[in-house]
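Undergrad: Next come the chains, spelled out residue by residue.
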Amino acid sequence: MINIRTTATSRRLPRTTPAPAALPPAGLAGLDPEWSRLVEVVESDRGGSASGVNHGWHLLDNGPQLDVLGVIPVGTILCVHGNPTWSYLWRGLLSAATDAAQSGAPAWRVIAVDQLDMGFSERSGGSADTAGSDVGVGGAGAAAGAATGRRSAGAARPLARRVQDLGDLTDALDLTGPVITLGHDWGGVVSLGWAVDHPELLAGVMLLNTAVHQPASDPIPAPLRLALGRGVLGTATVATPAFLDTTLSLAHPSLSNEVKRGYRAPYLTSARRGGIGGFVADIPVAPRHESRAELDRIAEAVRALVVPTLLLWGPRDPIFSDRYLDDVVERMPHARVHRFEGAGHLLAEDADYAAAALLWLGDCVMTSPADPALLGESRSRHGDLGKLDQRMGAPGAPPACNSRLEPVVSGDAAAPSSLVELAAEPENPLVELAETAASGSGAAGAAAPSSLVVSRQTRQPAEAAVSAKAAWEAAGTHPLWYYLHELQGSDETALVDMQPAPRTVSWRLLSRRVREIAAGLVFIGVKPGDRVSLLVPPSADLTAVLYACVRIGAIVVVADAGLGLPGLTRAVRGARPDFVIGAAPGLMAARALGWPGRKISTARFPAPMAALLGIEHTLAELTRLGAARLTAGTELPPGPVPSDPAAVLFTSGSTGPAKGVVYTHGQLSAVSNALYLQYGVGVGTGLVAGFAPFALLGPALGARSVTPDMDVTAPKTLTATAVAAAVAAADGDTRGSTVVFLSPAALVNVVATADALTPADHAALAGVQRFLSAGAPISESLLAQAAALMPGATAHTPYGMTEGLLMADITLAGIRDAAASVAMPIADAAAHDDASVAGAATATAKPAGGVCVGRATATTRIRISALDASGASVGELTEEPDVTGEIVVSAPHVKDHYDRLWLTERASRRGAVPGERWHRTGDVGHLDSAGRLWVEGRMPHVIVTAGGVVTPVGPEQRIETLPDVARAAFVGVGPLGTQQQVAVIETVPPARRVHRASASLAEAVRAVVGSPVAAVLVVPGLPTDIRHNSKIDRSRLSRWATGILSGARWTKP
Amino acid sequence: MRVLVTGASGFLGRAVAASISAAGHEVRTFQRRPSGLAGLEDVYGSITTPADTPYAGLAYAVSGMDAVVHLAAKVSLTGDPAEFEAVNVGGTRTVLQAARDAGVSRFVYVSSPSVAHSGASIMGSDALPASPEHARGDYARTKARAELLALAADAPGFSVVAVRPHLVWGPGDTQLIERIVDRARSGRLPLLGHGAALIDTTYVDNAASAIHAALDACERVHGQSYVITNGEPRPVAELLAGICAAANVAAPAWRVPASAARGAGSLIEALWRRRPGTDEPPMTRFLAEQLSTAHWFDQRRTRADLGWAPAVSLDEGFERLAAHYRAGR
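As they're listed, the protein sequences go chains Y and S. Remember, our numbering sits 1 above the position in the first sequence when you count from 1. Remember, our numbering sits 292 above the position in the second sequence when you count from 1.
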């Protein structure tokens, strides 16, 4: 659909008054006047010959400041603003780069230009292009009446001209390499145009929200469509500052008035805003637009760029939405991507892009061979990158990065080999998997990147089938669909869905259904690597669809309804599914909230409804289609290899926006293997699945999976009777081999509803071999109560997270042993009278405390990164006992990477052993001398007092030993480093309103805690996470307590 | 070291003089009344008498001294602004001049955290520069100006340091403890708001040892200001309850919304200015703010620079206060 039929030639813009380049006025917020320079540049034509026309440019340049510091830059960052901003956009990078150089880090020269007709560069006004044509007169309302010229004044600099202009400027500046381009908005296109034209200088590409291609079939973004409307363009962009003001209003949070003043400074009158209108008019909305050819040229040429690339994106952009990001990633698959959740079009204002950019450049420089000529003084390299890390909130060494930047002498047209190498570095899974598929080896080689991309696109099925089999054999593990294949002739039960009425599915049926759906998916165009969002509640349908996707190499996206609708929307949008398979509620939400992807329904809807929801197919249709194809002899395509991405799982989002976590097939198989090794779940065992992530793996393990009758979106609806019924169904012929997976909330309700169990139910439960409570810590007493209901079972609680599902495990007996090993001092203390306890507790070192989560599972390694006095986990990874720090894990089944969160990914691997995959959990704890892991809280919840670091769980446990206390949270208030400790308590019986603890309760709390407690507050209920209703939101409590304790109005937390 | 302590008849001044003397230094005191301390040389006089007045006590008191600890000040919630000005600003100027003239090399100015307090909550910040423009009330304003005067006088050979003990209390305190106990006893002590605002205080022995430490560290830390506290903030209601319990009177049981108290404080303050008499108003806006907003400080720099830590905990202080009241004061 092309909404705009007009082209630039039929639009009229108010005239821009010619004006020379000028220096910005003094006093613009954040802008150092020392950066400003004016440069006179001779315009050249495309052939490079001078036209004789001169243009005056204004640009920002920190080069002179670097000279004063006496440092030699390692390279130049060439920054190009978009519309309607100016070089002011990049002020943060200029100051950050100079600061970094000052502190001894690698020095980057930053040159930020004002494009011609923009910022404080020259206003060309009625240039040669428009001479002789009447382009109208300035002022609102005048735009419509003027005659049509060949080009309007504002469009005098179409894209090709602007790319040439930038080249003329860098020639005039005599810019030498290496150069990193950085562009935003349409400046991104101009910067890429320069990049593809200057391979001899180019060493890297950075982009903020931009678009390199506008498919002719897609409408351009609505706001621009509006601005381009007949009669609107001139008024919106030039005659009034509406376009400028609208753009400035896109910042999150809002810009301060002084920053807005900075952005408006060069555009105060309509006479100075011609370039804004010109830029908008230059958007090639139609195939015959004069800038179309240049845009297409650039869009194609970037595919050949092999330099390191960083894409920083603000998803809340009404103009350059994620689909433009997808397009750029598709063209530059080796790019590193970070989406700053919550940030938007003005990413440069919304997020610390400058720190991210310097960090990325630092990683690339750091791994290059020491070269004093390149790095200035080599002594300064390492420590100074650490400083940049601290700015990012992620101190320590960056992960391995094969990227290297090398100085390139201007005029040397051959791309240096190092640039090829760095583009082939294997962090991007698409590149890696393609490479692996082609070579049959798991290791990333140094093949040329262009061939990698080609191999991904042209993989042949037969060849791939062989290499897939070889790859799985080499990996020494089975693919997830192994048992679906092995047991395809078995009439044993594979699945039982207890809800609403028991529905039994044999292996034979499940296997056939999976193949049919897989064939149907292929038929409708689902390709390997396509993302399929599953909005289906746990059920036989979900299992079948999941394995069908897995079988054909489609990547499943699993987001939990527990995220809440806004969180789910962000997650689904960010995961950019190509297809959405959903039940009615999911598809209605998808429709209402505009989630992307082609829609497939698990149920049949009346035609009008299906049309409304945009449903293209139903699952039944897919199955029929697939069955017909299989019957006709069509083979399923070869399955994915272990390094292919298999799934994107979303974190709970309890500590910020939910993050997408990418698992490969090999890693998911490793999760199954870990479950098998730890709990003996395998062929012939039953698996009662009250906890979705593990339950879905039943078919991969060859186990009989039973989904109990419950509202899966509300685990606390699971009753003891429903569990007993599910166990009875799961037992089959092999009674006594069933494993029950539950969430803590479900376990609470199971214990609470135990009275309704019949003798038969009890008998069924008595046959359970093991049960697990997974997802969040639970108390020993609750686990013991549940164990009493399943007297034949071993009770387990695994420790893990979305990024590593099964890292450690402990049994009820293990919990009791662990408690016995440390509980004595506390028990003794509680028995004494209060006065002596106070003395004893302060006199002796208090135990670190924490929840013992057991020992690492068979294939997992656990280490600790010790906290420093400021609460930062900067210690080398260690297995020393009794060192409190961040828990860092490694296992074959740890996640591959975060989805489009390069900074997060980098931070999560910080300090890792090179070549190994470690994950920083964000949990804080310690190992004991018996090798058991104790969790002491979350990293952001660590309290940093003047006297040292305090972790919350130990004090909470001690407070919870008091008879009046049901649950406690221990939080810090005040600035880090001098925080005060505050206890927030749920009492027995619960309080009806917030109040200060009585003198006796406060005294008792202080006595058991053992470190100074400033205040004890009693609340009716502690805030907990949405998903598990058990993890206390200490960050929120800390903010709340800060208010209460500063005299603010009393509210509930 | 020979040390002059001004204002040594006051609650804190007496403790400071005793502490320095106990360390073996030769201590002389200067104030209008006897200090009540045995073994020290008391010189009587007023700091508002111009320094160049012949035979003024101050010139004599400071002669031969190595150091001055200047505590003498007008401390009150209300009063004649001119008197605050004369004692706190004029008096400090006079003492500074006399000290320099006498060749004193160390000068400890005892200030107050209120010199940098604009009325908002303070949660864990370090000492900010004194700000007479923003300080609330005549006392804080004049103390702020005096602190700036003192620090401006810091020079080679004349080391000046400012210390700001926050809410000093202990047995025998007439400024804070007696007021609270008297009001509680007569049922005139309300709780402002919910009484949860975290407030840090200073037990008198800790304040004295900190000032003593500042005297010792003077040449190292000159030109600086330090807030002194116990480093144990508590909800204000707990502090009041602790004091009342020690004095064996009922803790405040009735509650006034903090905003109402501030409004009423302003009004009462205005009325009291027109009203003859020397008694204090039951509530001032300053007091209302003090009792309903958080005031606690970052003590890390203080403790590191002065090489000092409080020796008496809050709870130990309450014990000593209770013992004092039990002994029938």
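Treat the hints as calculated values from the structure; they're not laboratory data. All C-beta atoms, glycine included, are put in the ideal place defined by N, C-alpha and C. Accuracy of the hints is not assured; some may be wrong.
Claimed, not checked - Reference listing, derived: stretches of chain S covered by chain Y, where coverage requires no fewer than 3 residues with Cβ under 8 Å from a Cβ of chain Y:
id: 1; segment: 415-425
id: 2; segment: 481-490
What the hints assert, rightly or not - With beta-carbon atoms standing in for the labels, derived distance ranges:
id: 3; chain 1: S; residue 1: Ala315; chain 2: Y; residue 2: Asp869; range: 32 to 38 Å
id: 4; chain 1: S; residue 1: Leu468; chain 2: Y; residue 2: Arg817; range: 33 to 39 Å
id: 5; chain 1: Y; residue 1: Arg1040; chain 2: S; residue 2: Ala330; range: 50 to 56 Å
id: 6; chain 1: S; residue 1: Asp474; chain 2: Y; residue 2: Arg1037; range: 40 to 46 Å
id: 7; chain 1: Y; residue 1: Gly949; chain 2: S; residue 2: Gln467; range: 55 to 61 Å
id: 8; chain 1: Y; residue 1: Ala814; chain 2: S; residue 2: Leu468; range: 41 to 47 Å
id: 9; chain 1: Y; residue 1: Ser822; chain 2: S; residue 2: Asp474; range: 38 to 44 Å
id: 10; chain 1: S; residue 1: Ala314; chain 2: Y; residue 2: Trp1051; range: 45 to 51 Å
id: 11; chain 1: Y; residue 1: Glu880; chain 2: S; residue 2: Leu468; range: 52 to 58 Å
As the list claims (entries may be wrong) - Non-contacting residues of chain Y with respect to chain S, defined by C-beta distances greater than 10 Å in every case (computed):
id: 12; residue: Gly28
id: 13; residue: Asp492
id: 14; residue: Pro503
id: 15; residue: Thr624
Undergrad: Please go over all the hints and tell whether each is borne out by the structure.
TA: Taking the hints in turn, this is what the structure says about them:
{"no.": "1", "hint": "415-425", "in the structure": "holds (count 3)"}
{"no.": "2", "hint": "481-490", "in the structure": "holds (count 6)"}
{"no.": "3", "hint": "S:Ala315 - Y:Asp869: 32 to 38 Å", "in the structure": "holds (37 Å)"}
{"no.": "4", "hint": "S:Leu468 - Y:Arg817: 33 to 39 Å", "in the structure": "violated (52 Å)"}
{"no.": "5", "hint": "Y:Arg1040 - S:Ala330: 50 to 56 Å", "in the structure": "holds (54 Å)"}
{"no.": "6", "hint": "S:Asp474 - Y:Arg1037: 40 to 46 Å", "in the structure": "holds (42 Å)"}
{"no.": "7", "hint": "Y:Gly949 - S:Gln467: 55 to 61 Å", "in the structure": "violated (35 Å)"}
{"no.": "8", "hint": "Y:Ala814 - S:Leu468: 41 to 47 Å", "in the structure": "violated (57 Å)"}
{"no.": "9", "hint": "Y:Ser822 - S:Asp474: 38 to 44 Å", "in the structure": "violated (55 Å)"}
{"no.": "10", "hint": "S:Ala314 - Y:Trp1051: 45 to 51 Å", "in the structure": "holds (46 Å)"}
{"no.": "11", "hint": "Y:Glu880 - S:Leu468: 52 to 58 Å", "in the structure": "holds (54 Å)"}
{"no.": "12", "hint": "Gly28", "in the structure": "holds (24 Å)"}
{"no.": "13", "hint": "Asp492", "in the structure": "holds (68 Å)"}
{"no.": "14", "hint": "Pro503", "in the structure": "holds (56 Å)"}
{"no.": "15", "hint": "Thr624", "in the structure": "holds (63 Å)"}
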